[in-house]
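Participant: Chain by chain, the residues run as shown.
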Amino acid sequence: MYCAVMNKKDLVAASSRPLVLALLAQGESYGYEIIQKIRELSREEIDWNEGMLYPVLHRLEREDLITAEWKKSENGRERKYYRLTPGGRKALASEKTDWMTVHNTLERLWKTIPSSI
Amino acid sequence: MENHPKFDLSQAVAAWSRCGGAGAPLLPEEAAQREASLLKAIGDLQLRGLTPEEAFHIAVSRLEGQALPEDSYPKTEKQSVWWPRLSWMVGGLVVLDFIGATVGFLTEIPRLQGGDPPWLQTWWSSAMRLSVNMAWSFGVLAVLLALQTKPAAAAVGGKWLTRLGKGRRPVLLVGLLVLVECGLTVAKYERDVSQTSPPSQEALKAAARINRQFAPYSAAWYWAWHLSVVAALGVLWMRRRQALAARSSTLASPPETADSPVPAVMIQDWTNRFAAQEGVTREQARELGGHLQDSFEKLQSLGLSKTESWWLARRRVGSVEDLAEEMRLENPTAHWRERVGWVFFGW
Chain V
1 MYCAVMNKKD LVAASSRPLV LALLAQGESY GYEIIQKIRE LSREEIDWNE
51 GMLYPVLHRL EREDLITAEW KKSENGRERK YYRLTPGGRK ALASEKTDWM
101 TVHNTLERLW KTIPSSI
Chain R
1 MENHPKFDLS QAVAAWSRCG GAGAPLLPEE AAQREASLLK AIGDLQLRGL
51 TPEEAFHIAV SRLEGQALPE DSYPKTEKQS VWWPRLSWMV GGLVVLDFIG
101 ATVGFLTEIP RLQGGDPPWL QTWWSSAMRL SVNMAWSFGV LAVLLALQTK
151 PAAAAVGGKW LTRLGKGRRP VLLVGLLVLV ECGLTVAKYE RDVSQTSPPS
201 QEALKAAARI NRQFAPYSAA WYWAWHLSVV AALGVLWMRR RQALAARSST
251 LASPPETADS PVPAVMIQDW TNRFAAQEGV TREQARELGG HLQDSFEKLQ
301 SLGLSKTESW WLARRRVGSV EDLAEEMRLE NPTAHWRERV GWVFFGW
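Read top to bottom, the protein sequences are chains V and R. Number 55 in the working numbering belongs to position 55 of the first sequence; there are no gaps in the numbering. Number 42 in the working numbering belongs to position 42 of the second sequence; there are no gaps in the numbering.
Calculated from the structure, these hints are not laboratory results. For each residue, glycine too, the CB sits at the ideal point set by N, CA and C.
Sample of chain R residues at the chain V side, in silico, Cβ under 8 Å:
1) Glu287
2) Arg316
3) Val317
For each label pair, taking beta carbons as the anchor points, the in silico distance ranges come out as:
4) Glu28/V <-> Phe345/R: 31 to 37 Å
5) Lys37/V <-> Phe7/R: 21 to 27 Å
6) Thr97/V <-> Glu338/R: 39 to 45 Å
7) Glu35/R <-> Trp99/V: 43 to 49 Å
8) Ala264/R <-> Trp99/V: 38 to 44 Å
9) Lys71/V <-> Glu297/R: 17 to 23 Å
10) Val235/R <-> Pro86/V: 50 to 56 Å
The calculated EDC-like cross-link candidates involving lysine to aspartate or glutamate, where the alpha carbons are at most 16 Å apart (straight line), are:
11) Lys298/R <-> Glu33/V
12) Lys72/V <-> Glu28/V
13) Lys37/V <-> Asp294/R
14) Lys80/V <-> Glu61/V
15) Lys71/V <-> Glu28/V
16) Lys40/R <-> Glu64/R
17) Lys71/V <-> Glu283/R
18) Lys306/R <-> Asp294/R
19) Lys90/V <-> Glu63/V
20) Lys80/V <-> Glu283/R
21) Lys72/V <-> Asp294/R
22) Lys298/R <-> Glu40/V
23) Lys90/V <-> Asp64/V
24) Lys80/V <-> Glu33/V
25) Lys80/V <-> Glu69/V
26) Lys72/V <-> Glu33/V
27) Lys71/V <-> Glu33/V
28) Lys37/V <-> Asp47/V
29) Lys80/V <-> Asp294/R
With the rest of the complex left out, here is chain V:
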């Protein structure tokens, strides 16, 4: 039970970086919207909370993979918008290669496993 919980947490932590980078590659966004978009895209399978997202965003900002800017939205409210930097695009390409490798390997492996498992 403990291991299962830990594994899920680890998976959430590891996948958050490529997910955020990939989402920001579509255009700038802010914290709340990122959580909502990820929830929609994953058909509510991935449910991040604020405690996980903001540290990831701030870490990526420190690594110069994304930049942030305070802007006024249509309703006049100020929000901190995050945008991908050129460095972020390179990091995203690298992440994509890594994750595709894992994905392809797993896909080949799944085929060898009996469907009863």
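Starting from the structure of chain V, add chain R where the hints point.
Facilitator: Relative to chain V, chain R alone:
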């Protein structure tokens, strides 16, 4: 794939049923009916996107007509933005002055050991400084004693001030005597010096004598005065922290009747509290404040009441245990840089 902490809904519902809710003991059929109602309400709320734990708390509060459980972070006194800044400005100023006073006190020592200071220019400095410091000290003391009858001052000073207040006459009398003695001494020697221009050798010798006589008292008094102010500020700071921890003032909920979204002032209030209590920077708290507002509006659109939405939005954003910790670790020196900035601004 969720990263919410584990919550056992069936266990929580069973525990709630065992307690029989907030009312009188129920018959088994009534208890079963209540549990069914609770489970239905929880199911409805979960369908709107709430987690089992959130749905449980809101369903219980609806069934029992009770307030939602308070989170730990709003249990602080309302923090004004400028109170901590002002504290750092005044505190920093006094501490810097105290360091200066200590250095001054240490540099007096060689002078006392028989050096030949330039008395001609500063012959009156020690006596004058002692007079001024005495006047300051007893002036402040007199104000404190005068305020001692006021409830606000009594709350700040507490027993210490009350005890001091009991002996106020002798304290004030001694203070006044010292002050008058200093003043008379300074006046006498100033008169002696001003009788001749340039001052006679005798007057200058007398000035040097009085300086030597007063120098140790002056330096020691100056130092002790600053030490006592620093100590008093430290005591006040500790008392305030204890008071904050003990006090349980909660954030109000937005009015249910108003059509407007959660008032900006409430978001600002939450942001101030979150920044003050969790030690995150104001910009980090501001970003979360915007998130809180978005979350509040979304929850309202799901059919939750304003009170429920406000509670749940705050819970989701502010009660995430790791969040503040992570944010502090992100930039551990940012808060101290801000404080040091205010110290130097005050200075």
